[in-house]
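**Student:** This is what each chain is made of:
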Amino acid sequence: MNRLWSASRLTYLALTLSALLSIFPIYWMFVVASRTSDAMGQVPPPLTPGGNLGANIARLFDNTDAYFLTGLINSTIVAVTVTVSVVFFSTLAGFAFAKLRFRGRNALLLAIIATMMVPTQLGVIPLYLLMTKLNWNDRLPAVIVPALVTGFGVFMMRQYAGQAVSTELIEAARMDGCNTARIYWNVVLPALRPAAAVLGLLTFMTTWNDFLWPYAVLNDPENPTVQLSLRALSDGYYQDMSQVFTGTAIATLPLLLVFVVFGRQIIGGIMEGAVKA
Amino acid sequence: MAVQLDARPPVAPAPRHSRPVRGARLSRFDTKYSPYLYIAPFFLLFGVFGAYPLAYTFWVSLHDWDLLGAEHPFIGFDNYSQLLADPDFWHSVVNTLGIFVISTVPQLLAALWLANLLNRQLRARTTWRMAVLVPNVTSTAAVAIVFAVLFGRDFGMINWMLDHVGVSAIDWKANRFAAWVAISTMVDWRWTGYNALIFLAAMQAIPRDLYESASIDGAGRARQFWSITVPLLKPTIVFAVIISTIGGLQLFTEPRMFNSGTNAIRGGPLRESQTVTMYMFENAFAPHYNFGYGSAIAWLLFALIAIVAAINVLLLRRLGGGSRKEVSR
Amino acid sequence: MLTFTRRRLAAVALVAATALLGTTACGGGDEAASDGPITLTVDTFGQLGYADLYQEYMASHPDVKIVERGTGSNLDEYSPKLTQWLAAGKGAGDIVAIEEGLLVEYKANPQNFVNLLDHGAGELKGNFLDWKWNQGLTADGKQLIGLGTDVGGMAMCYRKDLFAKAGLPTDREAVSKLWPTWQDYIRVGEQFTAKKTGAAFLDAATNTFNTILLQNAGNTTGYSYYDTGNNLVVGSNPAVKQAYDTTMDIIDSGLSGKYGSWSEEWVSAFKQSKFATIACPAWMTGVIEGNAGPAAKGKWDIAQIPGNGGNWGGSFLAVPKQSKHQAEAIELAKFLTSAKGQIGAFKLKGPLPSSPQALADPAILDSKNAYFSEAPVGRIFAEGAKSLKPVYMGPKNQAVRTEVENAVRTVELGKRSPQQGWTDAVANAEKAAAK
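Protein chains in written order, with my numbering: chain A, 1 to 277; chain B, 1 to 329; chain C, 1 to 435.
There's no promise every hint is true.
As the list claims (entries may be wrong) - Derived lysine-lysine pairs resembling DSS-like cross-links, with alpha carbons at most 30 Å apart:
#: 1; chain 1: C; residue 1: K435; chain 2: A; residue 2: K133
#: 2; chain 1: C; residue 1: K324; chain 2: A; residue 2: K133
#: 3; chain 1: A; residue 1: K133; chain 2: C; residue 2: K90
#: 4; chain 1: C; residue 1: K340; chain 2: C; residue 2: K65
#: 5; chain 1: C; residue 1: K142; chain 2: C; residue 2: K368
#: 6; chain 1: C; residue 1: K334; chain 2: C; residue 2: K386
#: 7; chain 1: C; residue 1: K125; chain 2: C; residue 2: K177
#: 8; chain 1: A; residue 1: K133; chain 2: C; residue 2: K241
#: 9; chain 1: A; residue 1: K133; chain 2: B; residue 2: K32
#: 10; chain 1: C; residue 1: K177; chain 2: C; residue 2: K297
#: 11; chain 1: C; residue 1: K90; chain 2: C; residue 2: K368
#: 12; chain 1: C; residue 1: K321; chain 2: C; residue 2: K142
#: 13; chain 1: C; residue 1: K160; chain 2: C; residue 2: K65
#: 14; chain 1: C; residue 1: K165; chain 2: C; residue 2: K177
#: 15; chain 1: C; residue 1: K368; chain 2: C; residue 2: K125
Honestly, the hints are just simulated from the structure, not real lab data.
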């Protein structure tokens, strides 16, 4: 029946090699981050961690030119706000599309799917002009507000709500006199929790990583996102590579932590999304 | 937002009359209009910050629009005709397509292979899956910096290893093809595991008895893979290809951070690894601030994405169609 | 699994919202004028060396707080931001540093800046080298955009240890005597290379090209890529072609380590001692110290530049019209560019004063740089500074310079022949200038 092929030694060997390739650049990032800057360019390249990580971190946060701490705080604010918003609006709209009847539903859903195909990154120029008008240049709303909704999120929640939310339960709630908002809050949201969590994690990671748009619109060196302070570190008049690598390691760390804790859910979410799409 | 919703449901309008029919009327209002209220935020925000900018890009592209200039005279399609005759633009198109092809093809093949490995009875299943997915959850800019160092000409680890097998140092940044390979490596490193998991999910949905009957017919494992697994994975592969087309043709962070120093946005002295998005950025922002020209580049890139996506779908349909017949035979 | 209870979700939203409101304040000139101390923001790139001066100024002006942004940033990154702030009418600091190669570009829109002549700057003329003062004026001479900070008098920095390894003299006087001209420099380079020390003779041909070009231009035409009528003359100015040809000789002799300047390979090459000399405007000493790190202290020294004189770089301080504290900003700019201010900056990070009084001051003349083997940097740089011959820079100087340097780089990397490189340089420069 549903029996899988068994895994041979060769399978494990191949998987081990793949895993090593996956992990090595991340590992090496931490190696360089834990050494002095003389490690750069040494032959043979150092492959084991040194004892300098604490000192490098201290120097990085003391480096008044990179505003790394501000970058971390800003990125956290941006990513958390965007994540909460995307999850909220996506579950709301996803619920509407999956479970409520209204005129134009299919056409509107199609429109949302179409937006997933649109490379919105190409709108940076007018977006930049718009932000200038709104007086949001150099300020966090410029990177938060355009990211508050995604077509992907709505679509994902709609797919999930279709099967995870029971229609009977909705109808029963209606009989009890719940209005739609109550139903969303008391019935739909709890049922969508697993998928919403995955959407939230994916959104957090995407937002944390965003580069092009912040690069265009956040020009105040004192108010960067963490990716921008990385760029400032690596493009400076002179560079201290152990500091740069410490920065890259710290910028990666929150994502890795999220991944270690919620890895199973993220994998589940990606795989489920794939089957439904 | 959530706070407000908790306090007062957004669908309930402020009560004006206190007549006994209020409840029923409200409820009718609620069922009829609240769905629009729920989807409105998406359309509103997407309209203002997604659709409008894209459309306005087209408008800007019809003007001689210098960020610093006070006037923006209308010049029709001049930017486009200039762009079509601009060798640097076509150079960046070739770079983008080159990087796209040499990243996507091996990436999808590797992902298929990896998915096939993962689709077995494995001990510590989740650990393996996490191990291949971990590149996907790293910071793009951070990893690009790391790879830029790994691919260094004189001090990079990759050249050091190549030296051990007798290959002389490759100038990864100054050699156009080498730069493509290096950037593709970065892209593949990030996305292969992700695609593998998507393929894995699709593979698990394939009924086992298909394989059983095939093996009764004497088909070997490799043959089963190519004539059952791959054709049935076609919709998923199409999905993956379209996603990588949209992402791959807009590639920016990896090549931008791969280059450091004075030519970063140009992708090297001869624009060896400048993608279209980088070229757009170079023209729209520093050093030229020509928003009109930059917008024209954005629209042509948009067109390019649509064309490549369409070609991909057609190609895959061809390919898949051929093998599917084989299966039903 | 994540459990988003209602309360937790609400709390997260609330925290995010308050945090958002709390951190959106902009750095530059945005604070409303109030009774409390005002904040002056200074936008810079590289190292202008003002940290100590700020402390001193704030001590004597308790109502002023000074914040510097962009310290250590690359000019390629800094100048676009400044352009965007000026175009947007907001975001720029109360004082902005402008590099001389970009000054003409900003002078094209003088309405963006306060006319310092209206604020009593006219009497400061004698505090600056004449040409430095004149560069800060608009073409009609009616508006003063910026007050000069430093000039880029040049020298040649070299590694004593590598010179010793190659059997060359290491004493700075003797080294200076090795290369009165660039042809001599090439000859020394060939001797050095023949000894196979594992290091190249110089870092990158582009840096050397820039040096030679600015020398040539200063000594002959007085302009480089643009003539004083703002016509692009890349292809016809003999100063450019001659600098290009000399650079080709350097490349031909295999002297360059081919490290792209400002790239991370370049930085690593400093660390790993991979080249022996680098053309060294005064401000470069700070860059070398930062890149090569403490391990190389005492291994570097400074000799005279081959050829004759030359000026590379140097900046101005300007006050944008958008500043809300113009009067205070002008005061601070005057302080920072005074002879005293320039001496203070030199001591901290090495930019060479543009004030004749400062250049004649014993504090400069007697100063030595510990990192560079106690080289008498004050004397080395200041002696040449008074006779520096300025080079006029045209409207798109930076963009054109990028194209020409790129052409040099393609030849250096063996991608183009010298002839092809020259054709590219002229053609691409014209294209960039027209954009």
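**Student:** For every hint, state whether the structure bears it out.
**Tutor:** Hints, verified against the model:
A C-alpha spacing of about 26 Å is found between K435 (chain C) and K133 (chain A), which places the hinted pair at or below 30 Å, so the restraint holds. For a cut-off of 30 Å, the pair hint linking K324 (chain C) to K133 (chain A) stands: about 20 Å separates their Cα positions. Between K133 (chain A) and K90 (chain C) the CA atoms are separated by roughly 11 Å; this keeps the pair inside 30 Å, and the hint holds. With a C-alpha separation of about 20 Å, the suggested pair K340 (chain C) and K65 (chain C) falls inside the 30 Å cut-off, and the hint holds.
With a CA separation close to 40 Å, the supplied pair K142 (chain C) and K368 (chain C) exceeds the 30 Å bound. Pair hint K334 (chain C) plus K386 (chain C) holds up; C-alpha atoms about 21 Å apart against a cutoff of 30 Å. Only pairs whose Cα atoms come within 30 Å are accepted, and K125 (chain C) paired with K177 (chain C) is rejected, the gap being roughly 37 Å. The suggested pairing of K133 (chain A) with K241 (chain C) is violated, with an alpha-carbon distance near 46 Å, which exceeds 30 Å.
Taking the CA atoms of K133 (chain A) and K32 (chain B), the gap is about 37 Å. The hint is violated against a cut of 30 Å. Among the hinted pairs, K177 (chain C) with K297 (chain C) is consistent with the structure: their alpha-carbon atoms are about 24 Å apart, no more than 30 Å. At roughly 42 Å between alpha-carbon atoms, K90 (chain C) and K368 (chain C) are farther apart than 30 Å, so this suggested pair is violated. A threshold of 30 Å between alpha carbons decides the hint, and for K321 (chain C) with K142 (chain C) the separation of about 16 Å falls inside it, so the pair holds.
Proximity of K160 (chain C) to K65 (chain C) is assessed by CA-CA distance (about 43 Å); at most 30 Å being required, the pair is judged violated. Proximity of K165 (chain C) to K177 (chain C) is assessed by CA-CA distance (about 19 Å); at most 30 Å being required, the pair is judged to hold. At most 30 Å may separate the alpha-carbon atoms for a hinted pair to count; K368 (chain C) and K125 (chain C) meet this at roughly 29 Å.
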